[in-house]
Amino acid sequence: MVPTQYYLVLSAILFGLGAVAFVFKRNIITIFMSIELMLNAVNLAFVAFSQAFGKVHGQVFVLFVIVVAAAEAAVGLGIIILIQRNRQSLNVEKVNLLKL
Amino acid sequence: MTPTLLIFFVLAGLAVLGALSLVIQKHPIHSALSLIVVMVCLAGLYLLMGAEFVAAVQIIVYGGAIMVLFIFVIMLLNAGEEERTDFSKLAKFAGLPLALALTAAIAAAVVKPAPDIPSQSVIPDATRLISSMLFQEFVYPFELTSFLILVAIMGALVLAQREKK
Numbered sequence: 004m005v006p007t008q009y010y011l012v013l014s015a016i017l018f019g020l021g022a023v024a025f026v027f028k029r030n031i032i033t034i035f036m037s038i039e040l041m042l043n044a045v046n047l048a049f050v051a052f053s054q055a056f057g058k059v060h061g062q063v064f065v066l067f068v069i070v071v072a073a074a075e076a077a078v079g080l081g082i083i084i085l086i087q088r089n090r091q092s093l094n095v096e097k098v099n100l101l102k103l
Numbered sequence: 027m028t029p030t031l032l033i034f035f036v037l038a039g040l041a042v043l044g045a046l047s048l049v050i051q052k053h054p055i056h057s058a059l060s061l062i063v064v065m066v067c068l069a070g071l072y073l074l075m076g077a078e079f080v081a082a083v084q085i086i087v088y089g090g091a092i093m094v095l096f097i098f099v100i101m102l103l104n105a106g107e108e109e110r111t112d113f114s115k116l117a118k119f120a121g122l123p124l125a126l127a128l129t130a131a132i133a134a135a136v137v138k139p140a141p142d143i144p145s146q147s148v149i150p151d152a153t154r155l156i157s158s159m160l161f162q163e164f165v166y167p168f169e170l171t172s173f174l175i176l177v178a179i180m181g182a183l184v185l186a187q188r189e190k191k
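Chains as they are written, first to last, in the numbering used here: chain A, 4 to 103; chain B, 27 to 191.
Derived from the structure by calculation, the hints contain no laboratory data. All C-beta atoms, glycine included, are put in the ideal place defined by N, C-alpha and C. Mixed in with the good hints there might be a few duds.
Claimed, not checked - Non-contacting residues of chain A with respect to chain B, defined by C-beta distances greater than 10 Å in every case (computed):
id, residue
1, V71
2, I84
3, V98
Claimed, not checked - Example chain B residues on the side facing chain A (calculated, C-beta under 8 Å, incomplete):
id, residue
4, L43
5, A125
6, F164
7, V165
8, T171
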């Protein structure tokens, strides 16, 4: 079997890449996708721990995370459509009303 | 190297490549397709761990529903290539090292307690256990998520409808 540590390291790498994408990307849709990537990385850690301890609690939590991610995607994409309608741009630098 | 380990490394490599491609690609639709690669690889990893139900849900909900929603919005808004803007000096020089440090810190934090963890074993009858747990122990959170989805649907409708004149 594959050691649990390998899954955890992979999960950390994916989470780090998601965080990098979140900070470096300028397109709001891509930023949103990097959040999904980070959620996926956490799900991987949940399932790995669930298998390691021989309990299914982790997998139940993954189901909840997926449901919340779906709800979040629906609302977030609605907000993105609104931003595009009001600013005619998907660049986050253009959304700066609250910036000093 | 056992076949299981080989499959793990192939899937893990593909997932990391897909995630890197998400960061590097300029066009949002390319990023979305790379994210689908990552999700399918993760579903394969769940199968490898013996979590069949989570793997199926991953493919159907993430790979199917959520990513189709993303691609639909990208096409609806006709999103073009990302405009490049200058990073601040801090981001240019400290960004990558800080990101590496974050990854290392998370990896160290999750791996450190791992030696006590017993080795991987496939849970028999996992899907049946999940269903009974979902509808007994976690029944209130489960019902709450259905309410959450209802609120999300209404919120999306209110946000995306055309303004009345």
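Hint check against the structure, violated hint numbers in rising order: Of the numbered hints, 1, 2, 4 and 7 do not hold.
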